[in-house]
Structure formats: structure tokens, C-alpha cells
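Q: What follows is each chain in one-letter form.
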Amino acid sequence: MDFEFFFKLFLGGLTRGSIYALIALGYTMVYGIIELINFAHGEIYMIGAFTALIISTVLTMLGFPALAVTLIAVAAAVFYACCYGYTIEKIAYKPLRTAPRLSALISAIGMSLFLQNYVLLAQTSDFLPFPSLIPDFEFWEPYAHIMSAAEFTIIVTTVLVMVGLTFLIKFTQIGKAMRATSQDKTMAMLLGINVNRVISFTFIIGSGTAAIGGMLIASHIGQINFYMGFIAGIKAFVAAVLGGIGNIPGAVLGSLVLGWTESFFTGYISSDYEDVFAFLFLVLILIFRPSGILGRAETKKV
Amino acid sequence: MNLLQELKQSTIAAVWFMFLTFPLMVIKVNTVTKTIEWRWWNMAFIGIAFFFFSALWRFMHRRKEKNTETRSQDKKTTAIRRRLAERRFFVPIIVLLIIATLAFPHTFSLYQTNIMISALIYVMLGLGLNIVIGLAGLLDLGYVAFFASGAYAYALLNLHFGMSFWMVLPLGGLIGAIMGVILGYPVLRLRGDYLAIVTLGFGEIIRLVLENWNAFSKGPSGIANIPKPGLFGFDLTLQQHSVYLYYIIIALVIFTIFVINRLQDSRIGRAWIALKDDEIACQAMGIDKAGTKLRAFALGATWAGMAGVVFAAKTTFVNPASFTIWESVIILCTVVLGGMGSIAGVICGALMLILLPEYLRAVSEYRMLVFGAVLVLMMVFKPGGLIENVRKTYHYKEHGPTTAE
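Protein chains in written order, with this note's numbering: chain V, 1 to 302; chain S, 1001 to 1405.
Hints were generated in silico from the structure; no laboratory data involved.
Only true hints are included.
Only pairs whose alpha carbons sit at most 30 Å apart, straight line, appear in this in silico BS3-like list of lysine-lysine:
id, chain 1, residue 1, chain 2, residue 2
1, S, K1028, V, K90
2, V, K90, S, K1064
3, V, K90, S, K1382
4, S, K1064, V, K185
It should be emphasised that the depicted structure is a prediction, and the values quoted were computed from it without experimental measurement.
Chain S extracted, bound-state conformation (with noise of 0.2 Å):
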């Protein structure tokens, strides 16, 4: 196409981004001794950053729209799908999937276990925000404060009255049930917008309190000595008792696949994906539109407050700054980058990014700088996440009866 105007255009980017960037990225003042420093390297790779950055923003633009106008990601996608779903793909990448998770701790490290740990109880958060956010469409900002709950649970039910991991488990998702509809109650009626706010607010409160009730949560310096996951009265060694808690997160997030997975196509699924494209439309056909956004924020805060309870078991201590808005944030960010709606997709994202800044040392304090730009740039141009949920869609064949895709 015509070179000189994309080489313009790129070149007015650089530009604007280097006079916007000018005083924070360029100059640095100290303060205390009354220094400046001057940093004009960041000015000129800034430049150059934005040069191709505009570039490719410009081809992602283009692209975007002709897939659009054509659908053709669409059909390859789909295609891909189908044949993914054929038994005879199918069942040897389960098989190699089941085989590869239960050998993980036997021929990784210790570490590599322990991150895999958290990487998979974000999974879990975030196939549990999945059902609020991309089932239901609402936007839930204050997510952690579930997460919060169950690992609070967990550690005062074990400080209080000795009560053990398998006890708190069950109870952990069941309080944050019951955190979910007394959060949900009164946003019942808020529209999209108003409902991320007062949810964020949610979370915060949940944060405050627990930081403030000295009496109640021993404050900000958090509660220690949350004892590991027993099994059967065996001592276990540091390291089996990592592989036991890897075996047991696995199991949940099975077990969170599975529910979640069946939940999608029953009545209450279609009613919660019903209600996320139009909500009128909806009570018209008769769905209580009340009763299925309460148990979309009941059934979406089970999973967190049974990961909370996993966390704490975990980490053996809790305290309120793991708790904090940002926390939602990411995982908001796990479902968005993986695809809302999308169980396969979420996975996906959740393990991206918990992994890769771990393993990536070198650029992890550019972790967050990297999961904001991650939330706008999946919305401007690929909505549906990455691995896209495909909608069911029923076809009329000629010869035959109506059959499912």
C-alpha cells in the first residue's frame, strides 16, 4: 500500500508519544539531595517503541475490521474445533493432558510445584469469576473479597476450634456462597456500570474491616500457623506436602471444571447467558431475573471461597494486603486475556499469566504495566479472548433431523 502515508502516520505517533511522555519518562527530580536526571535514552526508545507500535496498531485495526465484514476467523476457528472434538484427537490429548499433570511434581522441583500451586488456584478464581463475568455479563470488581473470606474461614475456624482443611473446605465455598447473595442483594438492580463500582467497593470494605478489626481478624499483620492439609495422620515431609496440595487443587479444578461445564448448558446457564445479551428481553420470556443473577454471584463466589480456603492452607498465613482491589483485577485480567465464557480459554489465561512473569524474572516488575495493557488491547481487538467461546448454534439440515453443533 502506500508506504509514505503509513511511514508518516507512524512517524506523527512516535512523535506524540515522545512530547507525551516527555516529563515522566524523561526527567527524573530528586528531591531530597536536589538533583535532576536526565533520561534521554527513554525518550529515544520510546520513539522508536511507538514507530513500529503505531504500525501495528494501524494492521491489527485493518484486520480486525475485514474479519469482521468476512467472519472468516470465525469459520477457522470453528473448523479447528471440530476436529479437535473428533474422538480420535480428542481422547489422546486428554490422555496426555492427565498423564502430563500427575507427573508435574515428580519431575519438576519443589519450586515448580509451589508456583504451579498458585498458578492453579488462580485458575480456579478464575473459572469461578467466568460464571459472573462472561455467563452472566456482570462485572465484578470486588471477586477477591470471596477469595478473602475462605482463607479468613479457614484460618480462624483452624485458630477458634482446631477445625481441619477438610472440614473448612466445604464451609469455605458454602461462606462464600453466603458473601456472594449478601453482596448481591442489594445490587440486584444496578446497571452495569454502577454494579463494578459497588462491587469494587465491596472488596475494599471487606479489606478494611479485616485490616481494621483488630479483635476480630489480629489486623494487618495477618494470622500465622495455618496448618497444611493432613492426610490420614501420616506425617508428611515439606515436600509431600506440596504434592499432596498440588493433587488436592487439581482435584478441585476438575471438579470446578466439571460443575461449571454442566452448569453452562442447564436451564440456569442459558438463563445467565440470556440474561448477559438483554436483560429485557429476557423477563419477558420469564426468567426471575433476580433469582438468576443471585446465584450467578452465589455460584461464582463458591469457587473463590473455596480457593481462599486452599490459599491459606497453602501459604500458612493470611493477611489483608494479599487481599487487595488489584488482585480482582487480575483475575479479571486471567478471563478477559483467555476468553469470557470460555472454560478451555481461562484456563489458558490463568495459567499465561501466573506462569510467564514468573518464569520471565527478568521483565516481572512489568508485570501489571503488562496486564493493563492486556485488558485494553484484548478489548479493542480481540473481545472474545483468545480461545473464543463458541455459542451453540442449531442448524436445519434438509435430510434428517435437527441436530446440535
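Only chain V is shown next, with the shape it has when bound in the complex (with noise of 0.2 Å):
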């Protein structure tokens, strides 16, 4: 067993874990305040890079700067996706707020479906390549043999995400309303919270962090597709339940473990099953620590 090998699966699981954690935490906001599933969160990091890759072809051939056809993308991308979210939210989960657990589980993955086949439709279902917005900077050029700048982004941007999220749920006004309205929706109504906004913030923040991902990840594989979302979504959620869903730093800390796991058994033993891998690791984990690395269990009163 060679060190460079290690080390190069080592960093190759640090930038796959970076990227699932960018979508995780999109998920695990979501879950924490209205548990549910967001099965079209997935769908939303795919809309994302897809407006991404229409608006940056559009503004180069109007002859923009590289640079500024990068900002305005990466802006346009953000906004469109948290505007997606904010009308799934609408549409497809809040007349359920008070139904069966089920009926919103179902609907969200009919959304998931629609978004889905609505990109193959209004789009394609070729593979797209996909610019990469991501230069190739010059103080990072004597490091670029050990990891790309584009690597190098994914996981500075994943660590800023990480911590503005975090100063967001714990120091700012709209973060403690979020913590009261995951504890308890209707105390949090009574003390005057207005929870369908807060419900509808967290939503367009975690499309805004999956809309992020979805152009990192584009750029760094560099071509994208309809389906591109979906397993990645269902990832994102398995390093999510990993790290103890609901929680900030457990869902990056639960990508980072995934995107090893992952990584090294692909490395070391077989590539061919990634994806089985990553499911019989949902289940060992939901079986022996259903609520994750760093979550508390929950006991259910009556």
C-alpha cells in the first residue's frame, strides 16, 4: 500500500464529500424545521447548474468578460433555484403541512419526477458539457499538481457555506425563529413567528447552497444532464442521516465520512458497486444508529 495512492483517495474523498455536503445541507435545514424529505432537493441542484450552464453560453456569446459571465451565472443560478424552491414549497408541500406524513412523502416525489422529466422536455437528455466557471487561479498554480483549483474551490466554498449557515441558525433573528419553528410550530405561531415565512426562507436557502453545489459539481466533472440530480440527491440524504439529520455540522461531517467510505472502496476494492456501497451504508447506519453520527436519539412520547 503506497502513501500517494492513499493520499490521492484521501483528497478525492474530501472533494466528493464536500460536494454531497453542499446539497446535504439544504436537506438537513429542510428536515429540521418540517420533516420531510425533500426528494426534489436533488432536482433543484440539477435546475440550478442547468441554468447556470444556459446563462454563461448565452452571456459569451454576447461577448461578456469571462469573468463577469462567471458572477452573473453563478448569480442567476442561485436566484432561479431559490425562486424553484420557494414555489415547490408552495405547490407541492404546503397544503400538506397538516396531512399524513405519507401524502407529503408522495408528493414530493412526484415533484421530484416532474422537475425532472420537465428539464428532459423543455431541454434534452444529451449530455451537456459544461464550462468550467471555475479559473484556474494563479496563487494556487504551485498546488495545482496535488489537487486542481477547481477541487480547491469546492471545498473552501463548502467550509464557507458551512460556517455562514451556521452563524445564520445560531446569532441572526430569522435563525432563532428557525430553531423555534423546528421545536414546536405551534408555540412558535403563538409567540408571534411567522412560520410560513420561516418555512419558506429555509426552503429558498437550501436551494440556494444546492444551486451552488450543482454548478461546482458541474464544473468539476464538466458535463451535466436531466438525471444528474437525483442520485446525488439521494446521497446527499444518505450523508445527512449519516451525520444525524437536522444538524449542520453532523450532515457535512456525515458527506465527509461518505465521500471517503466511498472513495476508498472504489479505490481499494471495486468500482463497479459505488452506489450499492453507499445504500448498504444507509442501512447499517439506520439499523445500528438511527440517528446518525452526531445526533441525539429521540424518544417518541405518547
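Both chains are sitting in their own frames, so use the hints and assemble them into the complex.
A: What follows is the structure, given as C-alpha cells:
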């Protein structure tokens, strides 16, 4: 076992985990507040990537400078993803807030299927090449042989987003409202918190982070298609459960653990069963530690 | 009512959706030839569609709210149902149905018969899934795995041991049930949403194993030349084979309906329904939660296993691509559209969802889009499905004994 190979797998896992983390953060936030798996979250991530691709191609053809193209495309993608997240919540989840959980889950699956096919019909089923939105930073030149600038950007962005979200939830007024809503919706309402607005806000923030993740992974891999969101979304959910769902540092930790295990598994054992392994991992976690690594065990009262 | 406000709200919705769908619907970039296609017509179309859709949405919403207040819908449907259950209506309807199903392959072409066979396979799958979701309330997104194990059981047992359709058919059901228990056991303790993800993962694991384990399943290329079922050694033409298979699946569907109907009212069936409503209360009443859930998984999966054997015999070819997660979602959609827990509903739902896209070829590419929309809209407006399951209620009449309704 040589060290260089190990180190390469380690970095690969770190990048992969960071990407999962960006998607898992949105999952965990939404789950923390309304206790619903937002299956459409992976689709938001895909729509973010598509929007970035479309806007950046149009702007490049109109002759904008490269930096402006990147900035506008990123801003537009995040903005549109937020709008989609908001609309999805209003259509598919809000009317079902008091309905049985099963109904909301089925609605979420339906939304995911709908959005996938919407993009498939509106755009294409082919893989589209994605331009690299991340420039090759000059200051990173000396380290480029260890890890690419894109990978570096992904990891830094993940850390920034995680710190930002933790700050938002711990120290701002809306964060306090979010924590209150997740503990007890009725009580929060009685205390004058606009619960609907808090939930909308959570979806908007979650969708925004998903779009950032979508663009980063698309620039890293270099191609996108309408199906990219589903498996990535499921794996991010696995990561969120692994870390303890509803817990922000937990989501990042879980994503990193999943990223590393997948990376080492494919590196040392076999790449055929990569997805099988992720799912087996989930089943094992749920059997032996259903509350996740950082989660607290829930006791149900009657 | 105030028309002006309605118009205003519709316009806002239309403008919002025009804006929302702008990048994806209007602009289409070709990254190879570096050209942009602007499709402004789509935008106009979206605007008009959502103008009316939003009005319809609010109308449906108001109607739903009114209905939950007065329960008028419920009374109407139970009245219709009671009429249908009367002998003079019930018997002729059943007789007509039997004549229609028996005559179907002789009045319509081979093509129609084949479509009907696939639709009936979905009816069987829907009825099986109905046990798991409709009765026991467990969201199983990996149902297609049991279907796949039935199909592969026939393909492999025939390939290696030359076993015939009739030998494998009960075995397929058994294999389905065993797979159901294997999946059910680890997920017994999980709550609804974790269950959905784990079953989804299980379905994908089965598909990925079939795809990658070449020595076992011949990988993505699949297994071809699976024989059709034999009829006492007679040589059948292609046409006769289809008709024969049609009758087999009809018999199986009737068998399924019979068993599920009996199960529903049995001790297990009532335990499932109780478990769906409240797990804790159910345990407090002395129902074995683990065993009841396992039985739901096993009995639901049995039908998928058998349907899989018929599917393999019909297509004479199986490969992992037929068993993706979206197949599970289609089956889920048939159950949800028809009505969770209601046998007649599931049959109608499956026939509608499978037959309509076949006959409306022009719009069949929108099939999956519509399925997604159906799932969302049904849950929002009519969670009980088209033909709602009527729960048994017991009334005490003042003169006379307690009667069941």
C-alpha cells in the first residue's frame, strides 16, 4: 500500500464529500424544520446547474468578459434555484402540512419526477458539456499538482457555506425563528413568528446552497444532464442521515465520511458497486445508529 | 365573486411562472454549434396555461375546504356505492365485466391484447403494492426489486435447470415473499421517511447487482429466449400464445383480487389498517408490530414476484433496465391515483395510467411528466384517490341488532 495512492484517494474523498455536503446542508435544514425528505432537492441542484450553463453560454456569445459571465451566471443560477425552491414549497408541500406524512412524501416524489421530466422535455436528454466556471487561480499554481483549483474551490466553498449557515442559525433573528419553528410550530406561531415565512425562507436558503453545489460539481465533472440530481440527492440524504439529520455540522461530517468511504472503497475494492455500497452503508447506519453520528436519540412520547 | 381579484391573482401566477420557466423553456443553447434558439412561443404558452391553471387551483382548493366542512362528497359516494352493492345492479355489472374480459382477445387485435397483458401486469403489481402502502401504510419505493426477482427467477431457473413457467410461477411468488422478508427485517424499526429511502436503496441495489454481476445475471445485456408458457404440450402460434397468456394473467388478477379482498377483512388486514393509523395505540392493543409489518412486506411482494414471472414470459427477455426506480414510482402512481387501500380504485388507476399513454401516442412523451403531476395533485386535492376506500363503520340501530354497513 503506497502512501501516494492513499493520499490521492483521501483528497478525492474530500472533494466528493464536500460536494455531498453542499446538497446535504439543504436537506438537513428542510428536514429539521418540517420533517420531510424533500426529494425534489436533487432536482433543484440540477436546475441550478442547467440555469448556470444556459446563462453563461448566452452571455459568452454576447461577448461579456469571462469574469462577468461567471459572476452573473452564478448569481442567476442561485436566484432561480431559490425561486424554484419557494414555488415547490408553495405548490407541493404547504397544502400538505397537516396531512399524514405519507402524503407529503408521495407529493415530494411526484415533484421530483415532474421536475426531471420538465427539464428533459424543455431542454434535452443528452449530456451537455459544462464550461469550467472556476478559473485556474494563479496563487494556486504551485499546489496544482496536488489538487486542482476546482477541487480547492469546492472545499473552500463548502467550509464557507457551512460556517455561514451555522452563523445564520445561531446568531440571527431569522435563525432563532427557524430553531423555534423546528421545535414546536404551534408554540412558535403563538409567540408571533410567521411560520410560513420561516419555512419559505428555509427552502430558499436550502435551494440556494443546492444550486451552488450543482454549479461546482458541474464545473468539476464537465458535463450535466437531467438525471444528475437524483442519485446525488439520494446520496446527500444518506450523508445527512449519517451525520444526524437536522444537524448542520453533522451533515458536513456525514458527507465527508461518505465521500471518504466511497473513495477508498472504489480505490481499493471495486468501482462497480460504488452506489450499492452507499446504500448498504445507509441501511447499516439506520439499523445500528438511527440518530446518526452527531444526532441525539429521539424518545417518542405518547 | 370578485372577478377582479381572481383575474389579478391569475395574472400574478402567470407572470411568476413565465419568469420562473424563462431560462429553461425559452432559451435552448447548442453548445457544439454555439447557437441559441429562442422559443418565445413557449413563454406565451406557459403564461396562458398558468393563468387558467391558477384559477383552477384556487377553485379546487375552495371546493376541498367546503367538502371537508360538510363531508357532502362522502355522503354522495357512499350512496352511489350502496346502490351498486345492491343485487340487481351488482350482478349484471359483474356478468358484463366477465363477458367483456373473456371476449377481449377475440374481438381486438393481437397488438391490443399485448397492451392489455402489460396493463394487467401493472394491475397485479398495483394490487400487491396496495397491501404495503394502502393497507399497512409503509411507503415502499423499491417494490420493483420484487418484480425483478420474479422475472429473473424465471429467466435463470429456465436457463440453468430448464424449469417451465408453471413450475416457476409459485416459486416466483415464494421468492418475492422471501425477498420481502429480507428487505422488511432490517427496516422494521424505521419511520416512514427513512423507510422510503431504504427501500429505494434496496431497489437500486438489486438493479445494480443484476447489472454488474455478469456471471450470475449476464449483466446489462440481459437474458433472452425465455420460453412462453406451454399448454399441455400443444404447439401454439404467436397469436394463440398471447391469448393464452392473457387468460393466465386474467386468472391471476382474479386470484389476487380474491385473496386481497379476503385479507383485508381478516385479522391481519385489520391489524395493518390499525398499524397505519397509529403504531403506538396498535402495540398497546397487543398487536405484534414487527410480525404484522413483515407479513405486509411478504404478502405484498408475493404478487410482484408472480407478476415478474408473467412479465418474463410475455417479453421473453429480461434485462436490468426494465427495473429502474421509476418503475416503482409508476406503480406507486397507479395506487395513488386509484385510491390507496381500494381494490377497485387500484385496478382503475393501473388501467388508466398504462392504457391511456398507449392510445394517446402523440402525447406519450409527456407520460412521466404527467405521472409526477398526478402524484402531487392527487395528494393535494384528493388524497383518497379516484375511488376512495370506504372504511367499515358500525352503526347502532335503535330497533334491532348491530349491523355492518
